[in-house]
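Colleague: Dock chain B against chain A, hints included.
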Amino acid sequence: MEISNVQFTKEMRKTHTILAPSMAPIQFSLLVQVLAQEGYRVKLLTNEGPQVVQKGLKYVHNDTCYPALLVIGQMIDALDSGMYDNSKVALAITQTGGGCRASNYIHLLKKALIRAGYENIPVLSLNFKGLNKNSGFSITYPMLKKGLAALLYGDTLMLLKNQSKVYEVTPSSSDDLVDSWVRKLNEQFSANKGSSFREIRKNTRQIVKDFAAIEKDRSRPVVKVGIVGEIYMKYAALGNNHLEDFLFSQSCEVMIPGILGFMLYAIQNQIEDVRLYGGSLLRKAVMKALLRYLSRLEKMIIEEIGNNSDFTPPRFFHESVSTAKEAVSISCKMGEGWLLTGEMRDLYALGYTNIICVQPFGCLPNHIVGKGMIKKLKELDESINIVPIDYDPGATKVNQENRIKLMLAVANERRLEEKQ
Amino acid sequence: MTIGLDIGSTTIKCVVVDEYNQIVFSHYERHYSQIAKIGTKLLTHIYKNVIKTKKAKMMISGSAGMGIADRCNIPFVQEVYATRVATKKIVPDCDVVIELGGEDAKILFFNQGMEVRMNGSCAGGTGAFIDQMASLLDIPLDQFDSYASKGEKTYTIASRCGVFAKSDIQPLLNQGAKKTDLATSIFQAVVNQTIAGLAQGRPIKGTVVYLGGPLTFMENLRTHFDNTLKTKGICPQNSLLFVALGAAYCATGEIDLEKTISQFSKQEHSENIVFLPPLFADEKEYQQFSERHNKESIVQTSYDKDHPRSYIGIDAGSTTIKVVALNEKKELFYSYYRSNSGSPVDSVKNILTEIYEKFPNIEIKGSAVTGYGEHLIENAFGVDTGIVETVAHLKAAQFVCPDVEFVIDIGGQDIKCFKIHNKTVDSIYLNEACSSGCGSFLQTFAQSLGYDIKDFSRKGLFAPRPVDLGSRCTVFMNSSVKQAQKEGVSVEDISAGLSISVVKNALYKVIRVSSSDQLGAHVVAQGGTFHNDAVLRSFEQELGREVIRPSISGLMGAFGAALHSMTLPVEKSTIISKEGLKRFTHTVKNVNCKLCTNHCQLTINTFFPQGKYISGNRCERPLAKGASHDEINIYQWKIDRLNQLDIFDHDRIDENTIGIPLGLNMYELIYFWQPFFSSLGKKVVLSPPSTRQLYIKGQATITSDTLCFPAKLMHGHIQTLLDYGVKKIFYPVMTYNLEENRGDNRFNCPVVAYYPEVLQSSIDQLQTIDFIHFPLDLERVKQYPKKLHRQLKQYFPELTVSMVRHAVDSGFEGYRAYKKELQEEGMRIVSLARKQKKNIIVLAGRPYHGDPEVHHGIDKLLTSLDCAVVSEDSLILDEKKYPANVLNQWTYHARLYQVAHYVTHEDDMNLVQLVSFGCGVDAITTDEVREILESEGKMYTQIKIDEITNLGAVKIRLRSLLSTVNSNQKRMR
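Quick note, the sequences are listed as chains A and B, same order. Take the first sequence: its position 200, counting from 1, is numbered 200 in my numbering, and each next residue is one higher. Take the second sequence: its position 579, counting from 1, is numbered 1579 in my numbering, and each next residue is one higher.
Next up, chain A with everything else stripped away, as it sits in the complex:
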């Protein structure tokens, strides 16, 4: 099989629609707008259903990680649907570029496209490592700046929505507030506003106030549950069978660590690499500066949440690093690496003692930093209540929910014990 490299050219910006998988819905819907203002027409895929998995199984090696199978199945399903003019469509996929298999998603996608007869569709790789460059797509400074702001807003909106929803007196008031903020932020972005430090602070403060103003019934018996795991599975409802919704239906308050943490983690790893093994000191210095810059933003957001509401703000990244170190070496940097272990400890420290670790079938890093660390985490924090849940094309929702219910039963018992 010869894989040709169909380029996404400058001209295609005007003519082509870029189809991209949706991962974290709030963050990604904001990002799409940022790209739109730079002249790209991006559409997030939301098609679901059994045919998505079927197509994944048909065109991707069945032992491949489940997220790849889903994302590629979803793209081919979209191309098959007839909803798009396939001669004017490009696909976009993220590429992490580490020792994990996920770096190979783009190649799996290209192979699958050939098998499905779509070899002429250009594929864009979204990465920061200069892999698989395309002439028609380049990351510009305004894009980066707005994109970063979009992610930060998205993280905050997700966090506050998850802390409000289960208590809301008027159904869907939290979701409506998220929608209205997404609209508001999009308007700001198109007026080239909303991405400076000052503006982010101003907006965040208002977001916090708005969520605090939602009428809530705090007397409800609620279990606090954290979700960690492989990044796609953690956020994407297509991957985790609408886990957030299921947890809301079981009266849970949910906490999912944000995307900012993953970015900080990727930067931290570069610093750590040089520290451990040697290498370019310049690179280390640049990364340190970047880490400092992002940490400043992180601090501002945490303070805005903490100072203006009762909501639980996320933990500081530097705290994650030091608590993670107690369980696992932070040289484990493939996939979600040590961050996954660290997030479990963070959640515990923040009061989310019940944790679901979503494991996609065939995810190698998760064997190490997910399942492999559970025993250790229990030794460190005896009352941590973790359940690893496996996701794959054959696993049934009923089985997954049954396991989660067991975890919740234990959680409820503890909650009652604590009350007494």
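Certain hints may be false.
[To be verified] Keeping only pairs whose Cα atoms sit at most 27 Å apart, straight-line, the calculated DSSO-like set for lysine-lysine is:
(1) B:Lys1880 / A:Lys133
(2) B:Lys1578 / B:Lys1358
(3) A:Lys378 / B:Lys1088
(4) B:Lys1787 / A:Lys284
(5) A:Lys202 / A:Lys145
(6) B:Lys1057 / A:Lys419
(7) A:Lys284 / B:Lys1786
(8) B:Lys1088 / A:Lys375
(9) B:Lys1329 / B:Lys1358
(10) B:Lys1572 / B:Lys1305
(11) B:Lys1459 / B:Lys1295
(12) A:Lys375 / B:Lys1728
(13) A:Lys405 / B:Lys1088
(14) A:Lys419 / A:Lys224
(15) B:Lys1365 / B:Lys1572
Bear in mind the hints are in silico, worked out from the structure with no lab data behind them.
Modeller: For chain B alone, kept in the frame of chain A given last:
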């Protein structure tokens, strides 16, 4: 009064307790997926005869109860939690509960932070597994326990999942192992599975309570647990009802029983089941389909006394025996197709007797046997020759369709497919052990639902809405069926859905087609499973084209063997005579081979009047057929070379000794670390190459059951070193491998890179010694020796930077010397093989596939088939970087691509890739290696390995490969 209702995967259990928590009523019944009907009846009985009022407290539990509870508005309690509530009340001093259910295995720890472990979605069933094994062995379930109590010998049966275990048992059966021994081995496998899969490093001690059906009914199973855990567990009264009792104890709110019963009886399908279009629109469509397929493609006739010259073909399959007899015109006058009832020798004896009785003057001119039991039957009855299954099937398929381009054969427990190019087998696809649920899967499923397989599959033909059950391994399918059942899907729709799943499994998991054009225009579908019209129909539907199913589709292997026997240059067949058959006896003896360290368990079959067959051997030595082939086997050389290191001596362990586990990347890097540490004045002791015992030693601390086997073995290696009394164990975390300039990066796979972290976290004893596992990049150590020095200093304060620098030099010297030696040896084998005109097989994998417990002696199997064996790292390859269609970023995997390119230029070389089950990276490499080879017209052969020790399927694959290679070579000459 309070009702506790436990709806499990196979049974329904119910208790009614009074206000003093005394049981006033209890019931236990298999529900055969008719939950609504049986539940309604049960509740009505309770209402009318037990409680007699409308108001009662009630709680539902059980894996199949969740949906029903939701829809009937009855509170639900998770079943494990219910168990715990009941246990706390009934056995208050309980420390650990082990509960085996229909398809679940659970361990509950009560102390130090209550903890519950349930089997993962990949670990297979336990109760259902024993059911399945009992029907496989043809033992009534109620006698299984007494069979097991008479067992004397325990065979190694893979415990990772039910399907694996099954593929271990089937060949043992075919080799004549005793049923009593197998029954006891199955119990032991269940015990190992439960402990390895669930304990995950947590010791099981204190008061152990056994619950659930299998442990209640099977005393001997409890004994196996007792012996393994070195304890005496309790199986309390009402042990079957604990979940129901727990549910009753948890119940709070009152319900209206009358209303509940009416809601219960109205159970309908819920939304989350996916249905597929029916197989046939109407009766007429089915008739057209039947007519098309019933066309005689092979002439069946009756025996003609005046033409007694005949040819016999035998196909001794995994679960069935198929025999045909042909006359000289290739017409079939006798056929037999039946289950082998676990004893192929007896079956064949009866068949041959029948043939001699039915056709007294028969003159057998030739005979051939194929299938799993090929060698056993060949030796038992003096059959003229054996023939590889794939070749037999090809011959038969070409008889019915000379232009055949693709043959798919779905048999009892295997799927064999091959593409035909230029009249020879081009590529072969066999199902790996993990997806072997084929015909026998349908059969056991039919039985578990209480149907005969024929009736069961016929039911599916006109199912209005076949249920979509997915296309993965059968264990997953089991839970999909479970879900469908609990949603009240009809047996018809389940039957059709299962047939469709079998087809999808074959197409997308085994063959991996993406379009039907890949199979070609002429497809022959055969094997017993295609007798099943539902399977055949869904195959045509899925492919979108018509295929040929021969009228004797289940007999094609035997037919091909008979055709083959016609071409033999013999005058009269050597097959056992009528008289010989009367005196025929068969005895089986088990011994341990002592000829090498493998200590294979041999099964010796002795036949009277003549014949002897030994099985279970991994090499030719116990058969004394010629000398060993070690001189043309690089894998043997690698082990010998390790032994020369002289670091296995663990008699004198002191403070100065450093233990190193022999596994994963250490198979290669030990040649660095040994000289490195000796240069620092330290003594290295290495754990020995893996054995089964070593694996068992570490299995209790394995944290993830879907992990690759080589990584799981590390637990045993660490445990061995700890048992030696070593005070320091060295095993660094290595994100990066060494630079070999073949790929775009030099990563290790995540498991190789970070496994020390898992060991550190899961093995408690490691906290008591120095487990040295700092992060290290060996490539950059040359440039930054201070960094290594800083790490080492924590453990060895006396070291200086210059000592470390010097040691690094010695390490690299040793490593390079080894690599050079390895390649010289590889090239020596290649040139020797060329002199002897042998086929050369590149058995390609990773360095740690050199572990005999990992490769299971596949190297010796190859040499016994007259091949020379080299490995991916033992050939001198060019330094060229080939463009790859994937991100080529792992050092070990880059070698695979490189060697694949190399093999395409060498006529007498073929590549066989070893792939560990659960190896995620190989999902990428296998496709890429296949594409490299096939783009240059080479065959690609992949062998998946796991705990599994049986080499039957591997042998078929390798023999087919060689038979194709040889016939290609002949044609080229």
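Colleague: Run every hint past the structure and note whether it holds.
Modeller: Hints, verified against the model:
no. : hint                  : verdict
1   : B:Lys1880 / A:Lys133  : holds (24 Å)
2   : B:Lys1578 / B:Lys1358 : holds (12 Å)
3   : A:Lys378 / B:Lys1088  : holds (22 Å)
4   : B:Lys1787 / A:Lys284  : holds (16 Å)
5   : A:Lys202 / A:Lys145   : holds (16 Å)
6   : B:Lys1057 / A:Lys419  : holds (25 Å)
7   : A:Lys284 / B:Lys1786  : holds (18 Å)
8   : B:Lys1088 / A:Lys375  : holds (24 Å)
9   : B:Lys1329 / B:Lys1358 : holds (20 Å)
10  : B:Lys1572 / B:Lys1305 : holds (18 Å)
11  : B:Lys1459 / B:Lys1295 : holds (24 Å)
12  : A:Lys375 / B:Lys1728  : holds (23 Å)
13  : A:Lys405 / B:Lys1088  : holds (20 Å)
14  : A:Lys419 / A:Lys224   : holds (15 Å)
15  : B:Lys1365 / B:Lys1572 : holds (5 Å)
When held up to the earlier numbered hints, the structure conflicts with none and fits them all.
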